[in-house]
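Starting from the known structure of chain A, fit chains B and C with the ligands onto it as the hints suggest.
Chains as they are written, first to last, in the working numbering: chain A, 1 to 245; chain B, 1 to 279; chain C, 1 to 344.
Hint data in this document are derived by calculation from the structure and do not stem from the laboratory. Source: prediction; values computed, not measured. Keep in mind that the hints are not guaranteed to be accurate.
When the alpha-carbon atoms are kept at most 25 Å apart in a straight line, the in silico DSS-like pairs for lysine-lysine are as follows [stated by the list, open to error]: (1) Lys70(C) to Lys37(B); (2) Lys229(C) to Lys222(A); (3) Lys115(B) to Lys166(B); (4) Lys274(B) to Lys229(C); (5) Lys262(C) to Lys140(A); (6) Lys65(C) to Lys222(A); (7) Lys75(C) to Lys2(A); (8) Lys2(A) to Lys70(A); (9) Lys75(C) to Lys37(B); (10) Lys115(B) to Lys227(B); (11) Lys221(C) to Lys219(B); (12) Lys37(B) to Lys262(C); (13) Lys205(C) to Lys177(A); (14) Lys115(B) to Lys169(B); (15) Lys45(B) to Lys206(B); (16) Lys274(B) to Lys31(C); (17) Lys139(A) to Lys70(C); (18) Lys144(A) to Lys312(C); (19) Lys4(A) to Lys262(C); (20) Lys75(C) to Lys274(B); (21) Lys274(B) to Lys340(C); (22) Lys34(C) to Lys177(A); (23) Lys227(B) to Lys273(B); (24) Lys75(C) to Lys205(C); (25) Lys144(A) to Lys65(C); (26) Lys344(C) to Lys274(B); (27) Lys312(C) to Lys40(B); (28) Lys65(C) to Lys140(A); (29) Lys31(C) to Lys273(B); (30) Lys177(A) to Lys234(C); (31) Lys4(A) to Lys75(C); (32) Lys2(A) to Lys262(C); (33) Lys31(C) to Lys177(A).
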Amino acid sequence: MKAKLAFFDFTGCEGCQLEVLNFETELVELLNHVDIVNFREAKTESEDNYEIAFVEGSITRESEIPKLKKIRQQAKIVVALGACACLGGVNCLKNFRPMKENLRIVYGDAAKYYDTIPARPISSIVPVDYYVHGCPIDKKEFLKVTKALLLGKRPEIPNYPVCVECKLAGNVCTFDKGETCLGPVTRAGCNAICISNGRHCWGCRGPVDDPNTNSEKEILQKHGLTVEDILNQFRIFNGYLEVSK
Amino acid sequence: MISQAVPQASIYLPHLAELIRIEPIAEREKVFEFRLKDGKELGHKPGQFVELSIFGIGEAPISLSSSPTKKGSFELAVRNVGNVTNALHNLDIGATVGIRGPFGNGFPVDNLKGKDIVIVAGGIGLFPLRSLINYILDKRSEFGRLIILSGSRTPQERMFVNELEKWHKREDVELLETVDEGDEEWTGHVGVVTTLSSEVHIDPEKIFAVVVGPPVMYKFVVAECHKKGIPDERIIMSLERRMKCGIGKCGHCQINGVYVCQEGPVFTYAEVKKLREAI
Amino acid sequence: MENKIIEKQNMAPFVDNLINAEAEVIGPKRKDGKYAFDKLIETGELCLDYDTTLLPPKMYLFPPKETLIKFELGKEPEVEPVVEAKPLILFGVHPYDIKAIELLDVAFSTTNPDINYLSKREKAVIIGVDCLNPNPNAFCPSLGTATAETGFDLMLTDIGDSYVVAIGSSKGEQLLTKYAETREASQVELAQRNSERQKALARYKVTLNISPEELPQLLDKSWDSPWWKEKSEKCLSCGSCIVVCPTCFCFDVQDDVTLNLKEGERYRQWDGCMLVDFAAVAGGGNFRGDKESRFRHRMYRKGKYIWERYGKLGCVGCGRCASACLAEIASPAETFNRLKEESK
Ligand SMILES: Cc1cc2nc3c(=O)[nH]c(=O)nc-3n(C[C@H](O)[C@H](O)[C@H](O)COP(=O)(O)OP(=O)(O)OC[C@H]3O[C@@H](n4cnc5c(N)ncnc54)[C@H](O)[C@@H]3O)c2cc1C
Ligand code: SF4
Ligand code: SF4
Ligand code: SF4
Ligand code: SF4
Ligand code: SF4
Ligand code: FES
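Same shape as in the complex, but just chain A (with noise of 0.2 Å):
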């Protein structure tokens, strides 16, 4: 019997749906053995049957929130995908601000229909039972945790920092061109994507399980950042973290 699979998307960039589609070489493999019963319109009627839910972005309003829980009651499990959804992701930058402005900036005038409430992970209303990190996802990462629990397996994720990549990868650390980079707390899994590519790690995985955040501030002091520009580096992906603490 075919697994059915759902998607859904809550406040999110769509970037990692995106992502999902932009495989579909892939995913018409992958269909010989799934179903996929529901992409995007997250239904509140309970006539949807499928096992496996993928959630993208995360909550940003009251009315959300049901809608989530119907989901996890259907789904038997329910995967988070893409930074939003795991980690309240870039739209928890909203929540440095009074939330009113939020939505002055965001709406204008309608401001006053909308019901804004901090941004959080959908992990913060129901349980997640897996996660794919990333901003976007990245998508051999997407397909092995599909194909992991279609074969009944708990998806082997990662949990030590991108540096461990990014060395195999064979780059010269950020810090030796005389920048910083978020890598050393962050989750690997992404194949340090970013710095391969010139750039440094800003962390869109969210943290290992135990990161170091002292040492790492301590080291991105020593590197010229202060402590003000630290936070705001946590806080483009990992806002959510800092603010529920």
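Just chains B and C with the ligands now, kept in the frame of chain A:
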């Protein structure tokens, strides 16, 4: 340059084995019986382990639970805790798995011959010890007294209940059981396994203790052995570590400088004492 | 050992000949201000005066990721071993990396010979070059790894206008005869080689204040030193130190399947004791769950365990770990010197 010629065979290639019997023994534990597809004997010693493959899922080290005196097949007793063990629990009879091994040193059965033996089993520590117990029972005259102290957390978590009953009935086995927490139906001893020791009288001159259980258990059992006058060289234990290759290459199983998959998993306490990371 | 001379202007044709005629040639090339081993397309890319490379050349004998077996899934699974090996010339390997490969040779051939490593090793030719510009974190002279007498097919030393070539094997000699224009080395040139090596020794900035033979004993006494906790406090568990190390050889093994879920492979990939989950077991236990014990274990491997197990040093003093460690704690030299201090 290279001290050895390039070998012919890959040490990572498993043999295929067929699952011929499954028997549930507790909530998360089952016994699986296998036969090698090439018709050969596995040829193990009690206390050795195999690397069991479920293709597509992975490999896990599992102790042989049957005695080598049992020919034609072998048994693994497995607790469902993760990927490989869960996949194994979902298999049906007739399924094919991969087997590498047997690996490790095993219990020093030759040293045990002619001696009294007290076996101390905590929880699924009984899995590897069952191989030794049945080996001793099949060659009963070659060994002295056989005392078995077996501890489980609860009555529901007793492993191999049928076999325990059989051993209870034998004249030549002294079996004492305990559970950490009893229930209404449990009329036996309650308390951790070391609390059984007051009921056992031994001759420290000719006894070996063989201990397998969860990591926390060892220190207490060793202290008890010392009280009874059993010297370190005759306290034998099997240690568990994360393993990947099983053959001394991947490095995962190290305790200090020792590779558990090679020099172990069975050690004397005299050896363990020198390893600061061991217990 | 026989020695020849290759004039500098004859070096490029030699390398070109190897590239064109013999096998894949791997050598140190520039990379963003550092150096990295890579496949040579043309001689011009080769930098023989490099300090050290980002990753060690062991990656060509023990690749970061390597398939071990392939299988078909289903009721009657089929399995077959996968052993990939092709002729390879590692050109411009420094003596410390040669010593490290000698350790890997022992580790992969003792007890259960590893066909995946040994097949690649057998097909590899090693052309060394003396390290005359050591990197600032290296301490090879203290470990006797600044020069190598064995473990290579050819060994080059830059003596100005030419290279002295020591011949280490008949394979090396054949390559030389076939592809290089050489002449006999004179006594003067051999003396020059010695003096270049001597001069290089003076360029090392880090020294170990203890002889390598004494390290196991020193470590025996140092288990309870406060150093382990104090120093490891800053460890990021980032694994940089073990990934760049030429003598590390630990690995993880995992299965992967194709998208049609019908076949798959089992592969190994580099892993190491500084990573959090290296000694973790199912159910949440971790036998080296804190930074302190991981940090200490790595140092014991480098100074004691490997030595006792394989009769070779577990560290060759290349300094790559120290260069790679952002927390500035990974250098075995610093730790060993400090423990020596403490033990006085
Ligand atoms: C020498 C030895 C004998 C053992 N004998 C038995 C036995 O008879 N019965 C039994 O039920 N269990 C036994 N175990 C424990 C068993 O190996 C683990 O429960 C099993 O590896 C978990 O694998 P998994 O894939 O299900 O779990 P996951 O959590 O998915 O583990 C992933 C991988 O990590 C490694 N790993 C995880 N936990 C352990 C562990 N405790 N020990 C070693 N490697 C681990 C394995 O390579 C495993 O495949 C033994 C362990 C050792 C070292
Ligand atoms: S560039 Fe970033 S990820 Fe790469 S090694 Fe340096 S700190 Fe780590
Ligand atoms: S390198 Fe960092 S920012 Fe880039 S994809 Fe990986 S985790 Fe995200
Ligand atoms: S010692 Fe340094 S390089 Fe090694 S894991 Fe710790 S921080 Fe990373
Ligand atoms: S431990 Fe450091 S100095 Fe020693 S060989 Fe490894 S990388 Fe080089
Ligand atoms: S130092 Fe650690 S990673 Fe390196 S070989 Fe030793 S145990 Fe393995
Ligand atoms: S399990 Fe790989 S070395 Fe012991």
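Checked hints:
With a CA separation close to 18 Å, the supplied pair lysine 70(C) and lysine 37(B) stays within the 25 Å bound. For a cut-off of 25 Å, the pair hint linking lysine 229(C) to lysine 222(A) stands: about 22 Å separates their Cα positions. Pair hint lysine 115(B) plus lysine 166(B) holds up; C-alpha atoms about 22 Å apart against a cutoff of 25 Å. Pair hint lysine 274(B) plus lysine 229(C) holds up; C-alpha atoms about 21 Å apart against a cutoff of 25 Å.
Taken as a hint, the lysine 262(C) and lysine 140(A) pair is honoured in the structure, with Cα atoms around 18 Å apart against an allowance of 25 Å. Note on lysine 65(C) and lysine 222(A): the hinted pairing is violated, with a Cα-Cα distance of about 34 Å set against a maximum of 25 Å. Using a Cα cut-off of 25 Å, the hinted pair lysine 75(C) and lysine 2(A) holds, with the two alpha carbons roughly 18 Å apart. Taking the CA atoms of lysine 2(A) and lysine 70(A), the gap is near 22 Å; set against the 25 Å cutoff, the hint holds.
Restraint check for lysine 75(C) and lysine 37(B): satisfied, since their Cα atoms lie roughly 13 Å apart, inside the 25 Å limit. Using a Cα cut-off of 25 Å, the hinted pair lysine 115(B) and lysine 227(B) holds, with the two alpha carbons roughly 19 Å apart. The straight-line distance between the Cα atoms of lysine 221(C) and lysine 219(B) is roughly 24 Å, inside the 25 Å bound, and the hint therefore holds. Annotation: proposed proximity of lysine 37(B) to lysine 262(C) holds, straight-line Cα distance about 21 Å (limit 25 Å).
Restraint check: the Cα-Cα separation between lysine 205(C) and lysine 177(A) comes to about 22 Å, which is no more than 25 Å; the hinted pair holds. Between lysine 115(B) and lysine 169(B) the CA atoms are separated by roughly 22 Å; this keeps the pair inside 25 Å, and the hint holds. Distance restraint check for lysine 45(B) and lysine 206(B): the Cα-Cα separation of roughly 23 Å lies within the 25 Å cut-off, and the hinted pair is therefore satisfied. With a CA separation close to 47 Å, the supplied pair lysine 274(B) and lysine 31(C) exceeds the 25 Å bound.
Distance restraint check for lysine 139(A) and lysine 70(C): the Cα-Cα separation of roughly 23 Å lies within the 25 Å cut-off, and the hinted pair is therefore satisfied. As the CA atoms of lysine 144(A) and lysine 312(C) are separated by approximately 40 Å, the hinted pair breaks the 25 Å bound. Taking the CA atoms of lysine 4(A) and lysine 262(C), the gap is near 19 Å; set against the 25 Å cutoff, the hint holds. Between lysine 75(C) and lysine 274(B) the CA atoms are separated by roughly 47 Å; this puts the pair beyond 25 Å, and the hint is violated.
Between the alpha carbons of lysine 274(B) and lysine 340(C) the distance comes to roughly 22 Å, so the proposed pair stays at or under 25 Å and holds. As the CA atoms of lysine 34(C) and lysine 177(A) are separated by approximately 10 Å, the hinted pair is consistent with the 25 Å bound. With a C-alpha separation of about 17 Å, the suggested pairing of lysine 227(B) with lysine 273(B) holds against the 25 Å cut-off. The suggested pairing of lysine 75(C) with lysine 205(C) is violated, with an alpha-carbon distance near 62 Å, which exceeds 25 Å.
As the CA atoms of lysine 144(A) and lysine 65(C) are separated by approximately 16 Å, the hinted pair is consistent with the 25 Å bound. Taken as a hint, the lysine 344(C) and lysine 274(B) pair is honoured in the structure, with Cα atoms around 24 Å apart against an allowance of 25 Å. Proximity of lysine 312(C) to lysine 40(B) is assessed by CA-CA distance (about 39 Å); at most 25 Å being required, the pair is judged violated. Proposed proximity of lysine 65(C) and lysine 140(A) is supported: the alpha carbons are some 16 Å apart, at most 25 Å.
About 49 Å separates the Cα atoms of lysine 31(C) and lysine 273(B), which puts this hinted pair outside 25 Å; it is violated. At most 25 Å may separate the alpha-carbon atoms for a hinted pair to count; lysine 177(A) and lysine 234(C) meet this at roughly 22 Å. For a cut-off of 25 Å, the pair hint linking lysine 4(A) to lysine 75(C) stands: about 24 Å separates their Cα positions. Proximity of lysine 2(A) to lysine 262(C) is assessed by CA-CA distance (about 15 Å); at most 25 Å being required, the pair is judged to hold.
Taking the CA atoms of lysine 31(C) and lysine 177(A), the gap is near 12 Å; set against the 25 Å cutoff, the hint holds.
Hint compliance for this structure: hints 6, 16, 18, 20, 24, 27, 29 are broken, all remaining hints hold.
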